[in-house]
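Novice: Given the sequences, and given the hints that come with them, work out the whole structure.
Residue numbers (this note's numbering), protein chains in the order written: chain A, 56 to 481; chain B, 448 to 911.
These are calculated hints, taken from the structure and not from any lab test. The hints are all genuine.
Here's a subset of chain A near chain B, in silico, CB distances under 8 angstroms, partners left out:
id, residue
1, S196
2, P197
3, L198
4, A199
5, R201
6, L202
7, P218
8, V223
9, R224
Keep in mind the model is a prediction, meaning the values are calculated, not measured. Glycine included, every Cβ here is placed at the ideal spot set by N, Cα and C.
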Amino acid sequence: MAIEIKLPSVAAGMEEATLVRWVKSEGESVAKGETLAELETDKAVMEVEAEASGVLGRVLVPGDTDGVPVGTVIGVLMEPGEEASALANYPAEPPAAAEPSPAGAPDGAPADTPRSDRADTAPVPRSPRAAEGAEGRVFASPLARRLAAERGIALEGLAGSGPHGRIVRLDVERARDSAPAAVAAPAEETVAASSERVETIPHSGMRKTIARRLSESKQQVPHFYLTIDCLLDELLALRERLNAKGERAEPRYRLSVNDFVAFAAARALRRVPEVNASWSDEAIRQYRDVDICVAVATSGGLVTPVVREADRKGLATLSGEIRELAHRARDGRLAPADYQGGGFTISNLGMYGVREFAAIVNPPQAAILAVGAVEKRPVVRDDQLAVGSLMTLTLSADHRVVDGAVGARFLAELKVLLEDPLELLV
Amino acid sequence: MAQFQVLVVGAGPGGYVAAIRAAQLGFATAIVERAELGGVCLNWGCIPTKTLLRSAELFRQAQSSGAFGVVMDGTVRFDIRAAVAHSREVAGRLNRGVRGLLKKHGVQVLTGQASLQGEGRVRIEGGDGTQQVSADHIVLATGARPRELPGFTPDGERIWTAREAMTPQALPASLTVIGAGAIGVEFASFYAALGVEVTLLEAAERIVPQEDEEIAAHLHARLAEQGIDVHVGVRAEAPEVTASGVRMSVDAAGVRFDHHSEKVIVAAGIVGNVEDLGLENTAVQVEKRHIVVDRWSATGEPGVYAIGDVAGPPWLAHKASHEGVACIERIAGLADAHALDPDAVPSCTYCHPQVASMGLTEALARERGHAVSVGRFSFVGNGKALALGDSQGFVKTVMDAHSGELLGAHLIGPDVTELIGTYALGRTLETTELEIMRTVFPHPTLSEALHESVLAAFDRGIHA
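Specialist: So, in C-alpha cells, the structure goes:
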C-alpha cells in the first residue's frame, strides 16, 4: 500500500512551508525515520521523516517550492517490494498550477484535501522546468545528473540553459550556489580537496534566513543611528530592592537590567508610537499593540522571540516571559507563534562588556535598540567630576518610517524612564 | 559608399565561416581579403602540410611494406617536386571551394587591405583601387604570421618560414628547425622521413610544451629514434649565412656549441596581424601583439570584434571557426549562441607519430585543484594497431575522480587525430566516465584504446 507523504505541521500555528529540497530521490530506498525532505519556515528548518521503510516512489512537489500548505501530499512512499503500479493514481510530474499559489492556505484547511482540489492550490516551483520532456523525462547531462544527485538538488526544479533547455553542469552549480549545500558529507570532499586548511560549514536553514534577511535589511533599509547615555544609579538601586523582595516572592523573580530596558521601552513606544511601526510600499503600518522582540543568541544563530503586549505586563511577568522564551530559543523549541510578528526589537550585548554597538533593523520593523554594558564612568554632577553607572543605548531606525527627530524623541523618553524609574509608575 | 551589416576582414577559416554564418542569418555581408581566400590554413598551413605529410607517410610505409608481403622490386624514391605540386593542387582546389561557398551564400568578396576609419567606416586599398565601405559590425579575422627570431630574418633561400618549407625545390642535405611546437615537429618529422638530417631546437624544457608531459617525453624519444637530433632548453643565436648554409651558435644553458645546416626553418610561434588595420582610429586594445577580446570576441570598440589567431591562442583553425560562429550568433542575438569552451578545443599535430589532445593536461588539472583519475592504455594492447603495424604510443585520459568529469585526453600514436573528436563530443555532452564505459566501441578499431584508458582510470581495464 502506497503511503502518502504529507507536509507535516511541525509547529503550532504553522500554515505553510518552503519545501527546500528532497534528500532522497525517486527510486531510492529509505528506512523508517530517515529524512526524506527538508522544510523551512520563516525561522526554522524542519525535516520530513519517513513514516515507514520503503522506497520513495514519487515526488509530487519538487524541491525549492515556496508556500506549500500544511497537509499537501508532497510525495508517495512505496513499501518494500511494492510494484510501481501502486503509483498509478499519482501524476508522474508535479501538478502545475495555473496561477501562483496564494500566500497561505486558509486557516484550518483540512489536512486531507481531495486530490482534485489540490491542483488549484498547488505550489509553483520557482523556476520554469524547461528541461522536462513530454513524458516527464528530464533532459540533463550525465555530469549535471551526478552533481545534482550528490548535492541533493532536484533536477525537476531547475531551468536548463543547455540546448533545448537541457540541464547542464552550470545550472546545477548555480542552483548549488543559491541553495543550501547538502548536509550530507559527499559534497564536502571536492571542496576539501582544494582547500585543506579551510573547514567548510554547510549553511543551515537558519543561517540562510539570517543571511538573506539581514542582507536585505542592510541593503534596502535606509538606516540611521542615534546614541544616548543613561545614568542608571537610581534604577540599579531600585532593582536591588526589588530583587531582594523577589527572592521571597511567589513565584520568585530576579530582574535584569535588560528587563527594565524592555519594560521602559514598551512604555516609551506607547508614548512615541511612530517608532512602533513598519514600512510597506503602500503605507506605514503603525502597530496598536506593543509587541517587543528580544534578540537571543543560540548555537544556530540569532532568533528574536516576541513578548506580546509588553506595555501591559508587570515587570516580574515580563522578566519571566523573556527568560522562558530565551530558554526555549536556546533549546530550539520555539513555536512559530513565539517569533512571528513584533513591532520593535531589543538586542543586548552588555553582558559581553560591549559598551555600544549599532544593530541591523529587523525587517519589517522600523527600529531596533542596541543595549550596551552598565559600567562606572566619570560623570559631571554640579560641575564636579563624579562616578556614575552609565549605559549607552543606540537606536537603529528605518528613515522611511522614523525621522531623526522622532527617533530622538523616543530615546529621550526612554532615557527619562530609565534614569528616573518613578516615571515607570505613571 | 557601400553599406553592410557585417563586414569580415580576412577570409581564413575564421573569417569565411563567420561570413557564411552571417549571410545564413540574413545579414548583408561582405568579406575583405588581401591575399587568398581560405587564408593561411587552406593555402599555406594545415591543408598543404597534411598533404605533404601524407606523402611522407606513404613513403615510410612503402619502405616497410615488405613485412606485409608487399614487395617492391627496385628502388622506392621520393619526388619532392611531385609531392609539392600535389599539395599545391589540393590547396588550390580548397581555395576555389571557399570562393564557391561564399558565392553560394551571397557573401560579397572585396579584395584589398582593410583599414578601420572609426564609426563603422572601412577603407579598402588594393585590387580595384581604393574604396570606402561602412558596416554595423566589423569582424577582424586577420590571422597571424610567424614570429621572427632576432637575427633569423627569413630570406626565402637559407632561412625559411613555413611557407618556403612547404614548397622546396629540392631536399636539403641538412635542416635545422627552431621551435618544437606543432609546426616545428611536423616539419622535422616530414623532412626526417625523407632522409634529411634534421636538428630540432626548442627553448622550453621540452618539445610540444603545450602537450601533456608524458606525451612530450614519448614524442621526444620517437623523434630521436627517427634520427632527429633533438635539443631542448636551448637558444639559437648569431646566425651567419655561409656558402653552404647557415652557421649559428647554440646556447644550451650556458654551454655553447656551433651548429651548421643547409637550411633553417623558423617556427618559434606566431604573432597576430594587427598592423595596418587602422586600429589606432578605434578603442581596440592590442596586447602582446594580439587583439584583446572578451569571450564573445568583442573588442574595446563597440561594433568591432576579433576572432581566431589575431585574438590570441590557441592558434587553431577550428578555434577560429567556432569563435566566428559564436560571435555572429551573438550579434544576431540568438538565444542559443554558445561561446567557445577553451577546455574543449582539441588540437592535432601530424608528425609521426601523431599527437592529439583536448582539455587539461594532468598537471594543469591538478593545479586547478581537481582530484584526478588518470587512465592510460598502450596501443600495444590494441589489435587494430598491431594489424596496422603501428602499435607504439598510448591514450591517456584525465578525469575528475569525484564527479567523473572528462577533464582532458592526450593521445600519441596511429591516427589519434581521428580519435580526439570522440573526446571533444564527450566533453561537450558533459559525459562522465560511466557513459564512456557503457559505450560500445567497435572491434577491431583504434577507438577501443580510448575505451580502455577510461576503464583503466577507474581500475577496470580489461586488456591491460
